[in-house]
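Novice: Numbering of the sequence shown is given in the working numbering, commencing with residue 1 and proceeding in unit increments.
If you're looking for bench data, these hints aren't it; they were derived computationally from the structure. These numbers were taken from a predicted model, which means no experiment stands behind them. Where is the CB? At the ideal position from N, CA and C, for every residue including glycine. Do not rely on the hints blindly, as some may be mistaken.
[Said to hold, decoys possible] The list that follows gives simulated cross-link-like pairs (lysine-lysine, DSS-like), each with its CA atoms no further than 27 Å apart:
| id | residue 1 | residue 2 |
| --- | --- | --- |
| 1 | LYS44 | LYS113 |
| 2 | LYS74 | LYS103 |
| 3 | LYS74 | LYS44 |
| 4 | LYS111 | LYS44 |
| 5 | LYS103 | LYS113 |
[Said to hold, decoys possible] Cβ pair distances, simulated, as ranges:
| id | residue 1 | residue 2 | range |
| --- | --- | --- | --- |
| 6 | LYS113 | LYS73 | 19 to 27 Å |
| 7 | LYS106 | GLN26 | 29 to 37 Å |
| 8 | LYS106 | GLU33 | 33 to 41 Å |
| 9 | HIS81 | GLY23 | 15 to 23 Å |
| 10 | ASN68 | PRO99 | 32 to 40 Å |
| 11 | ASP110 | ARG80 | 29 to 37 Å |
| 12 | ARG80 | GLY35 | 18 to 26 Å |
| 13 | GLY88 | GLU62 | 29 to 37 Å |
| 14 | ASP85 | SER7 | 17 to 25 Å |
| 15 | ALA61 | ILE95 | 18 to 26 Å |
| 16 | PHE79 | GLY25 | 29 to 37 Å |
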Amino acid sequence: MSFLGGSCGDASLLLGKYLDEMGLGQFDYVCGELGRQSHAWLEKDGVIVDITADQFDDVTAEVIIADNSGFHKKFEEDFRHSYIDSFGNGDFVDIELLPAYYKIIKFLDDKYKPIYK
Numbered sequence: 001m002s003f004l005g006g007s008c009g010d011a012s013l014l015l016g017k018y019l020d021e022m023g024l025g026q027f028d029y030v031c032g033e034l035g036r037q038s039h040a041w042l043e044k045d046g047v048i049v050d051i052t053a054d055q056f057d058d059v060t061a062e063v064i065i066a067d068n069s070g071f072h073k074k075f076e077e078d079f080r081h082s083y084i085d086s087f088g089n090g091d092f093v094d095i096e097l098l099p100a101y102y103k104i105i106k107f108l109d110d111k112y113k114p115i116y117k
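Whenever a hint applies, use it, and build me the whole structure from the sequences.
Specialist: Here's what the structure looks like:
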């Protein structure tokens, strides 16, 4: 099953928050453009984490975790910032995504839930 087009930004932000809360540190949120298409993914120390790349016809992998991705090299980087910079601004991310994140976390098995301090 492929990810719906246009969901990459939101999915990347939610995944970034989860990975950070699981102790893997803060990832960069990267947005790139390829012609008229845009795409977003996470990156840390040169490793790309992309759970929505399969929305593109030329990608068959459901998830890409790689330090060298030909697919991502096609995109011209538009901007990059720590995923956390998207939170705490009182906008869509805080109003819509953050509550959804906590609802999703409730359904995870305890061993996959972040430990909040």
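Novice: Output the numbers, in ascending order, of every earlier hint that fails for this structure.
Specialist: 2, 6, 7, 15 and 16
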